[in-house]
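Asker: Please put together the full structure from these sequences, using the hints given.
Chains as they are written, first to last, in my numbering: chain V, 1 to 276; chain S, 1001 to 1328; chain A, 2001 to 2457.
Don't read these hints as lab results, they were simulated from the structure. One thing to keep in mind: the hints can contain errors.
What the hints assert, rightly or not - Derived list of chain A stretches under chain V, where covered just means 3 residues or more per stretch with a C-beta under 8 Å from a C-beta of chain V:
(1) 2047-2057
(2) 2063-2074
(3) 2108-2119
(4) 2210-2221
(5) 2270-2282
Beta carbons: idealized from backbone N, C-alpha and C, even for Gly.
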Amino acid sequence: MSAPMRRSVGTLAKSLGVLFVLGWVGIPFFSLVSVSLTPEGAPAIGLGLPAQLSLTHYRNVLSGVQSLWLYLKNSAIISSLATLVALVLALPCAYGLSRLQRYAAARTLYLAVFVLRMLPPITLIIPYFFLIATLHLLDSKVGLIYALLAPALPLAIWTSKTFFDTVPPTLDEAARIDGANAWQVFSRVALPLVGNGVAVTAILTFLTVYIDFIFALTLTSHWALTLPVYIAGFQTEYRFYVGDMLAATLVGTLPMLVLFFVVQRHMRRVVLAGVH
Amino acid sequence: MHRVETDAVKSENGAVPAVHRIAARTAPPVARRDIQRSWDAGMWWFLLPAALAVLAVMVIPLLYVIYLSLFDYNIMQYTYRFIGLGNYAKILYDAGFGWALLRTWWYVVAVVGADFIYGFLVALLAWKLPLGWSKLFRAVVILPILLIPSAAAILWRSVIYTPPYAVFDRLVGLSTSVSLLASPSTALWGIILTAVWGWSPWVFLLLLAGLEGLPTELLEAAQIDGATFPQLVWHVILPMMKPVIFVTLSLKAVDSFLSFTFPWVMTGGGPGGSSHLLSTYIFERAFKFLDYGYGSSLGVVMLLIAILTSTAIIVYAWREGYVGTDAA
Amino acid sequence: MKTRREVLKDLTTLTVAAGAWGLAGGRGLAQTGKFPGVTLNVLSSSGHQQFNPLWNKVGELEQETGIKVALTRVPTAEIRQKIMQDLVVGTGQFDIYDTPDDTIFSASQYLMSLDPYIKKDFGSVEAWGKYAVPWALKAASIRGDVRLHPFYSGSVAGAYREKLFADPKNRADFKARFGYDLPAPPKTWKELIDAATFFTRQEKGEQVWGIVFPGKQDPGLNVFEMFVFEEGVTYLDDENHSLWGPKHPENQGKVTKVAELLHDLIYKYKVAPTTIPGMATNESVDMYLNDKAAMIVDVLYFSWDEIRSKKVTDRIGRSVSFQVPSSTGEGKGGIPFYWMFGVNAKCSQKDAAWAFLRWFMREDNLKLTLTKGIGVYVPTDMRLGEWAASENILPPAVVAAVRRAQVYRLNPQIGQVRNTVRTYVEKLDLNALTPAEFTKESGNAVEELMVRTGLAK
Chain V
1 MSAPMRRSVG
11 TLAKSLGVLF
21 VLGWVGIPFF
31 SLVSVSLTPE
41 GAPAIGLGLP
51 AQLSLTHYRN
61 VLSGVQSLWL
71 YLKNSAIISS
81 LATLVALVLA
91 LPCAYGLSRL
101 QRYAAARTLY
111 LAVFVLRMLP
121 PITLIIPYFF
131 LIATLHLLDS
141 KVGLIYALLA
151 PALPLAIWTS
161 KTFFDTVPPT
171 LDEAARIDGA
181 NAWQVFSRVA
191 LPLVGNGVAV
201 TAILTFLTVY
211 IDFIFALTLT
221 SHWALTLPVY
231 IAGFQTEYRF
241 YVGDMLAATL
251 VGTLPMLVLF
261 FVVQRHMRRV
271 VLAGVH
Chain S
1001 MHRVETDAVK
1011 SENGAVPAVH
1021 RIAARTAPPV
1031 ARRDIQRSWD
1041 AGMWWFLLPA
1051 ALAVLAVMVI
1061 PLLYVIYLSL
1071 FDYNIMQYTY
1081 RFIGLGNYAK
1091 ILYDAGFGWA
1101 LLRTWWYVVA
1111 VVGADFIYGF
1121 LVALLAWKLP
1131 LGWSKLFRAV
1141 VILPILLIPS
1151 AAAILWRSVI
1161 YTPPYAVFDR
1171 LVGLSTSVSL
1181 LASPSTALWG
1191 IILTAVWGWS
1201 PWVFLLLLAG
1211 LEGLPTELLE
1221 AAQIDGATFP
1231 QLVWHVILPM
1241 MKPVIFVTLS
1251 LKAVDSFLSF
1261 TFPWVMTGGG
1271 PGGSSHLLST
1281 YIFERAFKFL
1291 DYGYGSSLGV
1301 VMLLIAILTS
1311 TAIIVYAWRE
1321 GYVGTDAA
Chain A
2001 MKTRREVLKD
2011 LTTLTVAAGA
2021 WGLAGGRGLA
2031 QTGKFPGVTL
2041 NVLSSSGHQQ
2051 FNPLWNKVGE
2061 LEQETGIKVA
2071 LTRVPTAEIR
2081 QKIMQDLVVG
2091 TGQFDIYDTP
2101 DDTIFSASQY
2111 LMSLDPYIKK
2121 DFGSVEAWGK
2131 YAVPWALKAA
2141 SIRGDVRLHP
2151 FYSGSVAGAY
2161 REKLFADPKN
2171 RADFKARFGY
2181 DLPAPPKTWK
2191 ELIDAATFFT
2201 RQEKGEQVWG
2211 IVFPGKQDPG
2221 LNVFEMFVFE
2231 EGVTYLDDEN
2241 HSLWGPKHPE
2251 NQGKVTKVAE
2261 LLHDLIYKYK
2271 VAPTTIPGMA
2281 TNESVDMYLN
2291 DKAAMIVDVL
2301 YFSWDEIRSK
2311 KVTDRIGRSV
2321 SFQVPSSTGE
2331 GKGGIPFYWM
2341 FGVNAKCSQK
2351 DAAWAFLRWF
2361 MREDNLKLTL
2371 TKGIGVYVPT
2381 DMRLGEWAAS
2391 ENILPPAVVA
2401 AVRRAQVYRL
2411 NPQIGQVRNT
2421 VRTYVEKLDL
2431 NALTPAEFTK
2441 ESGNAVEELM
2451 VRTGLAK
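Answerer: Pasting the structure below:
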């Protein structure tokens, strides 16, 4: 094929690709918005906008017995606190693992963290249910945060360790020789230098616990119920509540939008960190 | 003799923090080994809080689930008695579990494969688009992950698949009274499609980052040598991206193996148990049939499978050099 | 670039904002009324949308008495487990349970006796239960004393499209083809099959079915139960043996015929869609409302308000309800579904719980749910039921079915019995079992369950 022909084929392929992606992503989202604005009792359209738009579903989920405020609040608080706790535990640990790499034991522990990350949540949930129930912490934020450490902690350790690896140990040594103790080296030398990495770890961890479904489903019922479970809880065999469900979905997406907006500049580092 | 890489510690505006400047100026020769070792001894303490947390959050619960698995503890049948390995023997005859296991492996292969194809092709596309369009394009591609997984599952379950909206049916040309999720032969496919829609943007992001990290000189050299784009991709890009691809896909594979939200929300394992994955099957046993003892034993088996698989992945990655130790 | 401090600040702001939201949106503790600061945790089914207007009104209860109601709703398919788990494991997450019929026996041993409160407010249990449907009272006092407060019942019924059945051309064509008048409503199986066959056709390229019914989960089971009960076969005999298990071969023929009817409607006569195994009530009603089926057999009361609404009747005309036909036309009575409120025996706010029940069951509150709720139900209070029927709020066939219903034997495992049979019904609807296999396997499974749990000698 000649070069100009190749270029046209290339352009055609690119255009088709872009169109496909636009459809692939766009159509479901369009349906989401369209159905959430369909008034009660109107015939189901599918692809297209309803004849009349109505905000009833949004009213239903923003007020009254089905409203989402409590669950949105729960999600925000629980995810933030779980991330915080995970960071507090993980950062020193990751620092330690980074600095002790010369020892085989530490290297093995680090790889063990990878295995921990793959513990099936369902295997943990059965004992969690009983342990948390015994402590009278069912349907409480504390109980759920405890459970969420299982996915959060290994992720935080694994991710932040690679950032600590970028800080040369010679800086530590220099500070030590100057008389700093280990904790001071950690908090005054290493930690400030990985500020970006901490942000990235925090974001990844927050995302992981925010979208959690299985732990919240089993361990909460009302007071600590989170948004993902609330959205899926509209499920029922007797009537369609699709409009309400989707209105809740859209509203529940807003925090994610905010989060993504806030972190968009970190996106590339977040992603690369996720690889490790 | 002693060098401090101040470049590495520059903050964004190019200045070097005071602590490090001082350290650099007064840095003595490298510490002696015995001092080093005494420093290291202190470092182990840093691991303690996390280790205690792991003990409390993982070790103790796992011991407890193993303990529970030795009992016939079923609320619906009011049983609570010790039966040793009886539950495990029961697993051998559990056809449902066997099918769930096979289905889960199949699900992993299908989802990871589709994620990779979509993620890689779209990443190439985003990489090759002119810069302004590329940013917009990327924003569109990642939209599905803004919808939290349970919400995406609900959207596809209630609107895309199910009559009367049946967007999928309308697009593909099927009658709108047919639901992909209602038939045992297609229910799993419906879930796979949704999972790919919801999670592939992550694969896209990771692969795109990998693409952008490729050394441009090599690529330019190859193009000067007359390679066409497909040849470039196949012979140059893919081999160079092997580590990134391996890590991305193995993470995705493990996530898919453990997958719960999509199958549970979309079909609950039905119809007739034809879309049960391991997680949903065990969940149903433990929390729907309230058979905690047997559910625990199933969970332990799944745990063993997960540990074996992840260890295998790590060993393979180690051998291939994907997971280095970055040892000093 | 954001430093760690700035990100922490963002997180803190988010959390603070979320907290402020929550506090602003929440209600302060009511300090007036008999029960200041009391919160009752109520577990109800998210399928009971009839009571939404009442749940939205709990603010009034709080103002009058200080009681705050924290409502948790789970799908019907999950509520039995949630109730039993909470009571048996003793997690005590809830004070009040909206308990379904098949869980009443097992749950009642963990529930508080309502007798003292009934006697105080009404004088005697008889006075209190004077207007309740008899079988409801019986179930509520299964342990001797009253452990639950009945209020809700329903049953399965059919409905047909008046426009289609009254149309003169249809009537003429039917008579020409089948030799008798189009039965409106069908009273026997033959009439049902013939009518369904007649109305199954292609219309403008779309398939229209003669009949639709649900095959998934509870609704699927309910349809089977209705037909088999009308044939005179319930679940357990007085010794807790399966009424179509090895001890009762005489019933197996009847059960197989019922299984055949449901199975053949889909696969032999092809008058019902093959998507039935994946359809619960909402899907089957939706098919009916969208003009894709001439008849429906389902738990119609959930959608009756929609079915008789102007929007729907403008589109597809009126629907007439009919009782589920039996093989011969002389049914023995169907299965009743009922829910009752029970109070956790370990509840620390027993008086408040009773006050809540009294408030909930107040006539004007229940009338509110019947008129403004999404869907209806048949109140176990017969006076209310008559009022609703006279206002055309309830489908007459469901009310009649509830009155005629057969009480079936309750024991601690009846929930598990129905659970077990449900999986077989789903398989039957999926064509994964022949009707004969269905009878044999489900009968054996139930018998084995009864023997294994020591209930059957």
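Asker: Please name the hints from earlier in the document that this structure breaks, with their numbers sorted from lowest to highest.
Answerer: 3
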